[in-house]
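Visitor: Okay, here's what each chain looks like letter by letter:
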Amino acid sequence: MPELPPDDPIKSRSFANPILIAFFVLLLCVSWAMYQEFVGLRPWRGYQNEFASAYSAYLQKELRARDAAEKTVSSSADYQKLVANLNQAQDAATPKDTAIEKQIAVVDLQRAAILHAFQTDRSLVGSLIYDYEIVPNTADYKSEKQSRLKDVLDAEAKTYSVDWPDESGKTTSRDMNYKQLNDGFNQLLDKKAQLTASEGDANKPVKDAQDALDAYLAAKLPGLNSTQLKGLLNTVQSMDVTLVQINVNPPGHEINDVGGVGLTDRCQSCHVGTNPKYVPPGFVLTKADLGMQKSNDAPFSSHPDPDLFKWHPLDTFGCSPCHGGNGRALSTVETAHGRYEHWLWPLYYPENYEAGCQQCHSADAWTEHAPALNEAKMLFREKGCIGCHNYSGFDSQADQLQDTIREIASLEKEKDTDNQEIPQLNKQGDQAPDNATAQKLYAQATNLTVSVSKIDARVEQLDELSHSLQQEVKRVGPDLKEVRMKLNPTWIPYWLSHTWNFDPTTKMPQFQLQPDEVQAISAFVWQQGLKGPALDKQPAGDASKGKDLFNSLGCLACHSIGRGSQQTGGDVAANLSRVGEKANYDYLVRWIHDPRVRTAPYDPYLHRDLTPADYAKKGLPFVFDLQHSTSPVDGHELVVQQQTIMPDFRLSWEEARDIASYLMTQKDPGAHYDQASYINDPSLFDKGRTLVEHYGCANCHEISGLEDAARIGTDLTQEGSKPIERFDFALLYTKAQDGILPDGKHLVRDGQSSAWYDLKGFFDEKLADPEIFDEGKYKPDPMDRLHMPKPNIDPEQRDALVSFLLGSTESTLPPSYQYLPTDQRKYIQEGWWIVTKYNCIGCHQIDIGQKSVLMGLPMYQGDNSIGLPPVLTSEGARVNPEWLKSFLANPALSATDTDRDGVRQYLKVRMPTFFLSDDEIRKLVLFFEALSSQQEPFIPEKLAPLTDQERSVARSIFTSPAAPCLKCHATGNLAHDKNATAPNFLLAGQRLRAPWTERWITEPATIIPGTAMPSGLFVRQGDRWVFNGPLPAAAKQYTGDEADLLTRYLFEMTPQEQSMLTGRTPSAPNSGSSSAKK
Amino acid sequence: MWGDWHQLWVIISAPDNIPIVAMLVLVPFFTWYAFHNALANDRLIAQLEADPQLARTHHRTTYPYNSRWERELHTNPFLMRKELLAAVIVTIILMIWALTLNAPLEEPANASVTMNPAKAPWYFLGLQEMLEYFDPWIAGVIIPTLIIVGLMAIPFIDANPLGNGYYTYKQRRHAVWTYLIGFEAIWLVLVSIGTFIRGPGFMWYWPTQTWDPDRIEFNVNQNLDQVFHVDGTWLAHLLPSSWQSSAPLIAKGLFGIIPMVVYGVLAALFIHWICMRTEYSRKIYRKMSLLQTVTLYVFLITMLFLPVTIFLRLVFRIKYIWETPWFSI
Amino acid sequence: MADESGENGRKTGLLDTLKEKSQELGETVKVKAREQAEELKKPQETQLYRAIFRIKHNDEPRNRALSTLNNLFFHIHPAKVNRDATRYSYTWGMGGITFYLFIVLVFTGVLLMFYYHPTKVQAFRDILYLENDVPFGRLLRNMHRWAAHLMVMAVWLHMFRVYMSGSYKRPREFNWCIGVLLMVLTLLLSFTGYLLPDDQLGFWAVTVGTNMARATPLLGSQGPFGPQLGMTSYNDVRFGLLGGSIVDANALLRAYIWHCIAIPLIASVFMGVHFWRVRKDGGISGPSPVMLESEAKV
Amino acid sequence: MNRKFVCWAAAFVLSAAIVGCSKSSNQSSSEGQSAAPAATKTVDMATAGSISGVVKLDGAPPKYKPINMSADPYCVKANPNPVFPDEVVTGDGGTLANVVVYVKSGAEGYSFPTPSTPVTFDQKGCMYTPHVVALMVGQELQVLNSDNTTHNIHPTPADNREWNKSQPPNAPAITDSFARPEVAIPVKCNVHPWMKGYFAVLANPLFSVTAKDGKFEIKGVPPGTYTVEAWQEKYGVLDQTVTVAASQAATSDFTFKAQ
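Chains as they are written, first to last, in my numbering: chain R, 1 to 1078; chain C, 1 to 329; chain V, 1 to 298; chain U, 1 to 259.
Treat the hints with caution; some may be incorrect.
[To be verified] Mimicking PhoX-like on lysine-lysine, the simulated pairs with C-alpha atoms at most 25 Å apart in a straight line are:
(1) R:K11 x V:K42
(2) C:K170 x V:K297
(3) V:K120 x C:K119
(4) U:K165 x R:K415
(5) C:K287 x V:K297
(6) U:K257 x R:K454
[To be verified] Residues of chain C placed beyond 12 Å of chain V at every Cβ, according to the derived structure:
(7) H6
(8) R277
(9) F311
Note that these hints are calculated values from the structure, not bench results.
This structure is a prediction, so every number in the text was calculated from the model and none was measured.
Quick reminder that beta carbons are idealized off the backbone N, C-alpha and C, glycines included.
Let the sequences and hints guide you as you build the complete structure.
Guide: As C-alpha cells, then:
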C-alpha cells in the first residue's frame, strides 16, 4: 500500500479553480454569443456605418461644388435681376401684408373673447332644448312642456358679459345673448377666411417672383440645391444604424400570417443606397461616386432604374419579389442573396435580372423597361422554341384550334348517335304499354331533337371560331408540302447538315444528324411533297427593278440580305442572300405575289389535303380562299392559307416577277451541291418518317401526314419552378457541382467561381449546346439521343432566354401582384401579342423608345427618314377606330385598286395585307386606342358645319403661304403627288379624330417628335388658337378658334374643293409658281 | 470515382452527422476506459484470489483507501460540485457547438421532390440499414421490439452474481462480449454504414467514392432456395394432384426451414460451448432456470442472426433464407 | 433653548434641532449600513438565505446533510454518497448529464414554442423567423438541436457505463428496464422533433421512418397478415401515427403534440421513477467492493 | 389450389342460379302484364253482329257567328256563302253529326287487323272535311289539300307524338298514322286559325262517326257485352252497355244534353 495522506483527498481537494475556469469559459461563450447576436450575425451595421461615412464625404464634396456653382450663378446679371424683382415684390407686398396680419390678429382676439361665453351658452341651451324635447307632447304634460320651453327661452335671452377688443386695442364690455353670440362667432370665422384670402392675393407677386427665381435656378443648376444637400447630409450624418425592413405581404398581414407570403425584405439594411431617405429619387449614386469602384463589397449604389418604383412602390414590393434572394436573412451575403443549397429562390444574377419581371408579367408579350425579356419572348417564338415547347399564353391558337376540331368531331359523333336514337325512342314510345311511359319516351325523343339542333348551332359557332383560328395559326417554319415545287432537291440534304453554313442567321436550329439520317429525312420530305397541280410557268422579270422594290417595299423589316458585316435587315425572317441557290423561280413568283396561296387545302377532319376530285364530286370548282373555306366533304373549316406570317404586298404579277428575278440572282457563286439521287428512294421513306417524328420537324413545318403532330418538348410554362432534381444533368452532375463547364473551364459568376448545378446553369448549358448532356452516355440507337437541336442564338440572346425561363415560375406571390389588368391595360397586354406576332414593330414605332428595324437601315437615315412608315405611338388618338378596322382588313382601302397603300401612297414602303382574323383586328384596334388612353366605344365628336363665312376664312388659312399644306399632303393628282410626303386630306373626315387633328395642326412635335409636319402654324391667344401668318383682312375678323376652324374645314374636304385649291397653292416645291395668289 | 476526399469531408462535416462522428471517437474511448477500470479490478481480484488473507481485510476497490476516511461523503458539496462542473462544461460544449454549427434547415417539405438519399436521423440509421437486409416488418418492427425487450430482459437472464457495481472483465466475460458485439459491432457499425457508406439510392459507396445520383447498380439477390435450385418438382410427385401447382411454394417453405434450423442448432451449440467453457460459467449455467436459459438462447441466437444475414447478403447476395407466402426472412 | 428665543430664535432653534436630529440619523444609518454591509459578506447568515434554504450555513455534517435533504431539487440525491461514487472515472457523469440536457431541452424548447405554430403554412416560416428575426433565435434552435443529439449520445453512453459496471444487477433490475424505456423515449423525442421544421430533411426522415410502420405485422397495410385483416393505408397503424395517409398537416400537429407534451410528460414520470429507484436501491450502484468467484453464491 | 377452385366454382354456380332464378321470375311477371291486353281471339265474321243507333241533341244547338276568313283572300273567295263553325252540327230533329261512337271496352280479347284502307282528311274551302275522322291505331291517314293555299296540319295529341307539317297547294298527300289510341286529337292549322278538326284514334275498328242524320252503325262486332261510348267534341262522352248476340244487330241511341 502506498502512503496515503491522512486527509481525505476527495474532501480536501478544492474544486474552486476548475469551477472558476469553467465559469470563465462559460462567460466567454456567453460573450461570444452576444457578439454573434449583435455583430456577427448583423453585418449590416458595418455596411451602414461604412456607407454613412463614404456618403457624407461624397455629399460634402457635392455641397462644396454646389456652393461654388450657386455662387457663380448668383453673381450673374439675370439672377440679380430676378432677386431684385423678388425683393421689390416683397417690399411692395409687406405693408399690405402687415395690415392684414394685424386685422387677423384682432379677429383672433375677438374670437377668443367670445369663445368661452359662446361655448357655455351653446351647451346650456342645447341641454335645455333636449329636456324640453323629451317631454311628451300630450295634454297631461302641457304645463311641464311650457315651463321647459320657458327655460329655453330664458336661456336664450340670457346675456353674457364679454370683453370685446376692438382694432385700437381697447376693450369694451358687451352684453350678448345667445343669438348674438352665435352670429358673432360665425361672422368672425367668415371674416378671418376673407382676410386670409386677401393676404394670399397680396402675396401673389412675391410668389410669382420666387417661382421665377426658382425656375431660373432649376434651369441653371439642376439637381438638389445646397439646402437640400445640407438636409441630406444632416440625415446621413445622424443616420440611425438600424434594420430597414419592408413587409412584403398583402395589406393587413404580418410576416408569418396565414395568407401572407412570408416575405420580409431587409435588403436596404445593406443596400443603403436604394433607400430614398438617403438617396432621393432622381439622384443617382454609383460606386464610383463613393470612391469604391473597385470594391466587390460595397452594396451602396442606388437603383439603376428608379422609374420602376412608380409602378412597383418599394413599400409594397420590396426587393426580393423581383430580384430573388432571402430578403430577411442578413447574417451573411451568401444567405441574404439566397445563394446556398437549400434556398429555392436565389438572387438572380445581373444578366438575368429581368427574370423577376416575368414572374408577374408572364401575360405580357411586351413589358416596358424589360428589353431583354421582350427580346426573349420574341426569340421564343421566332427561333421556333414554341414549335416544340408548350408555353401557356404563347401562340395558343394552334391548341385552341385542335381543341375546336376535336370538339366538332365529338359533337358530330354525338349528333349521329342522337339521330339514330330518335326514331328508336319514338318506336319504343309507340309500343309502350301505357301512355305515361310513352309520353316520357316521346319527350326524350323530342329533347334529343332539340339537342341535335343545339349541337348544330354549336358546331356552326365552332366552325366560325375555327375559321378565325385557322387564320391565326402560324407555323415557325415553311410549308414542306410544297417542297417539290419550291426547292432544288440537292439543296435539302445540304441544308439539313450545314444549316448555319448556308444561313448563319437562320432561325432553324442545327440538328446533329448523321449522314444517313439526313438522307432519310430528305427522302421522306421530298417524297411526301405535293406533286400537283403544277405551277404556272412565269416569264423572267427585271432583276434591277426587283432590287429596288425589294429594298423599298419594306421586305427588309423582316428579311435580311447580305452576309456578315454587309448584312442588313430584320431577323424575323430568313436571310435571302443565297435564296437563288435553293428556290424555284415559278414558285418564288407565286409566293411573292401572294405568300398565303396554297396548292391544296388541308382538311383537318379528314387529315388530308383535298384534291380537285373532292370538289368535282360536289360539283364545285377547285377554289379555296378565306371566302371559300369550307370543306366540300364535311362542311367544316379548311386550312386555305399558308400558315406563314409573311403578308401579301398586293403586288402585280410583273412586280412579283421582278422581285423574284432579283432574288434568283442571290447566290454564292462557289456553292456546290452533291447529287441526291437517293431522294427518290422509297426505301428511305419509313426511316425518314420515324426521324421526322423523332425530331419534331412537324412541330414547326407543315408536313403531309403529320399536320396534327403534338409538341414533343417539355411544357416550359413553369420551368423556373421545377426542382433542380428534375433536371437531368446526366454525366455532368459532378462537374456542375464543382463548377467545371463542359469545356473544362471553371465557371465564374459575378466575379466569383461558382458551381452551375442550378437552374441557370442548366438553362445556360442546354441552350448553348443541348448535346453535351448526351456526352459520354451510351446511346447506340440514335433515337435515344436527346431531341433538342442547337438553337441559333448568340450569348446575349441566351441570357435573355435564360432570364425568361428562370422567371417562368409558379409564383409564390399573391395573385394581386400578378400583372393581370382588367381595365384598358388589358387591351394593351393582348395587343402586344399580335403586334409582336406579325412583327409590326419591324416597320413601325409603336412604343415610345422602341426602334423599328427599318429605322436602323442605312437607307432611312437623316433626311431619308421621311420615307419611313408612320409612327404609331398616338395612332389610337389619331384615327377613327371604325376606319382603322377597315384599314387593317384591307390596307389598300379599295377592293379594286390594290397595288397601293391606302393612306400613304407617296411612300415606297407599303403596308401589306396580313389577313388578320376579325378577333385580331378587334384586339389591335382596342390596343391602339388603349395605348393612347382613348375611350371605348368611340363616339365621334359632332362638328359644327361651316358657314360660308367660316369656309372662306378657313380657305384663306389653308392657302396661306405660311401654311403650304398641299405642298406636302397628297391630292391624288399624280404630278403633284410625286413629291408628296403626307396623306390626302380627303381621307381626314372618315379617318381622323377631330381633337387629335386639332392638336396635330397646332403642336405636332409634341405628338411625334421629329415629324415633318411643322409646328407653330398657330399661336395661342388667350383661350383660342390663332393662325400664325398673314391673313386677308376679312379673315382677321374671325373671332373663333382658328385651329378648330381648320379642322372642321379639313373634315369637310371634298375633291372639288381640293382641286379648286390646287390651282391656288404652290403645289410642289419645284413647280415654279411662287407665292399664293389672292 | 475514387479518391474523392472532398466527398468524404462533405459527409463527415454535415452538421447532422457530427454526433455519429463524435460517437466514433467517444465509444472507443469509453470502451478503453471501461476496460482500463475493469482490468485494474481484475488485477485486484487476481491478487485477492491469490492471497485469501488479504482478501479478508482488503477494502476491495482500486481507488485509494484509508480507514480513517469517511466511507460516505456528503452529497453537498462533494458530489454537487462535480455535477455543477459537469453541467457547466456540457453547457460550454453545447454553446460552442451551437455557435459554430447551424442546425440544418433544407427546402420546405415537398412531397413531390424525393430526397436522394432520404435518410432517417442518425440514431435510426441502424434500423434503416437493416431494411436493406430484411423485410420492413422485421427491420422496422420486430427487430426494434426485440432490441427493447432484449435490453430489458438483460438483468433477468444474467444470472451471474459477480460484477455487481464494479467494472470487471474477467468475471463477466460473456456479458461484456455480448454487449460489445451487440452495441458496438452491430448497432454502431450499422449506424456508421448508414451514415457514411450509404449514398444516393441508398447504394453502397466506399469512403472517398463520389456520391453520384445517376449511378446504376446491378445486383441479383437470390433466395437461398434458388441457389440450391429448389423448385418443388420432386415434391410435386408426392403431393395430391390438387396441391401440385403450389408445390414450388411448399417446397420453398419447407426448404427454408432447414437452414434456419441448422443455423439455430449451430448457434445454440456455439452458445452452449461458450457457456460451458469455464467451471464458473458452468456453475452459473446450472443455476439458471429453464425460462432464463431459453430466453437467453433465443435472444443470443437472434442477435447473432443479424451479422450472419448481413454477411450472406453482402458477400453471397442471398436475399431470403426462408421464403413463405406470408413472411420471408 | 429653542423655546426661549424670539421669533427668529425659534426658527433658528427649530433648524438646529432638525440639524441635530438629522446628524443623529445619519450616524445611525451609517452604522446600520456598515452592519448591513458586514452581513452581506456572509450572505448565508441573512434571513433571506435562511428563509429560502431553511438551514444554517455552517460546515457541520448535519447541516450539510440537511442542505441536500431540505432542498426540493437536491433531494433526489441522498445526503451522503459512497465516497468513490463521486468520481467521474466510475460514473462518467453520463446520467447526470443526460438529465441536465433534458432540462436544457425543456428550457430551450419552451422558448422555441413561443415562436412556433405547428401548421403547414407557418411552421417553416417560423423557423426562418427564428433563424433571422428572433433575438438569439438561431442560438436557441441550434442549442435545442444539438442538445437533443448530445442527449441521445449521453443516454447511450450512460447505458454503456451501467452495463459495464454491472449496475443493472440485483436490486436494480427494474430500474434498468425503466432506463431502457427512457432511452426509447429519448429517441422518440428526438425523432418527433425532426419533423417540426417542416423541411425536406424532416419530411423525408419521417416518411422513411413511418413507412416502416406500414409493415407492422397485423396492424400495417403492408405487413404480414395486415391486408388479410383489412388493413389499408387509410386505417393502419401508420395512418394512426400520421393522422393521414401522407406526412401532412395532421402529421405535423401530431408530431408537435407528441414532442412537446406527451413524450416529455411520460418521460418525466419515468425519470421520476428512475431517480426514485436510484435512491431506493441504495444510491449509485458503486463502486462496490469486488467479489471473488469463491464468494459468489451460485 | 384445388380448394380454391372448388370455392370459385361453387360461387359461380350459386350466382348463376340466383341470376337465372331472378331472370325467370322477371320474365314471368312481364308476361303477366302484357298478357292482359294481348288479344288472341280473332273475330269470326260469320257470327259477328253490329251495333247501330242515332245520336241526338236534346235542346237547341248553340248559335254561331259566321267565320271571318279575311285573313286569307283565297278562303274568302272559295266560300261565297258565310261559313259557320262546325263544332255542333245538327240535322233534322236534333240529330247530331260528327259524334264518334265506338266500343270502349269488352273487345280486349280480340285481335283486329288494322284496316288497310287509308282514311282521308281533306282541306277544302279552308275547312276540314270531314270535321272528325276516326281511325284505328296504325291505320294510315291521308291528308289532302284541295285548296289553292298553303295549309299546315298540326295535330296536338295528348298521348301520341305531335307533328306539324306544311302542305302547299298541289302537294302530295301527307300520310301518317297514330300509334296510340286517343279520342280525340285536335287538329289545327296555324295559318288559318279557325280551322279545327279531330282525329279519333281507336284501339279497334269497332267505331263509327255519325253523319248529319245522327246515325251510326258499327259492324263486325263479335257477340258479347260491350261498353259503347259516344264522343262529341263539345258535349263530352256518354257510355252505354250493349249486348250483341251472334249475327244480330243491337241498337243503342245516345242523347247529348245541350248546355
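Visitor: Take the hints in turn and mark each one as holding or not.
Guide: A quick look at each hint next to the structure:
no., hint, in the structure
1, R:K11 x V:K42, "holds (23 Å)"
2, C:K170 x V:K297, "holds (17 Å)"
3, V:K120 x C:K119, "holds (22 Å)"
4, U:K165 x R:K415, "holds (23 Å)"
5, C:K287 x V:K297, "holds (10 Å)"
6, U:K257 x R:K454, "violated (50 Å)"
7, H6, "holds (21 Å)"
8, R277, "holds (14 Å)"
9, F311, "holds (23 Å)"
Against the hints set out earlier in the document, a violation occurs for number 6 only.
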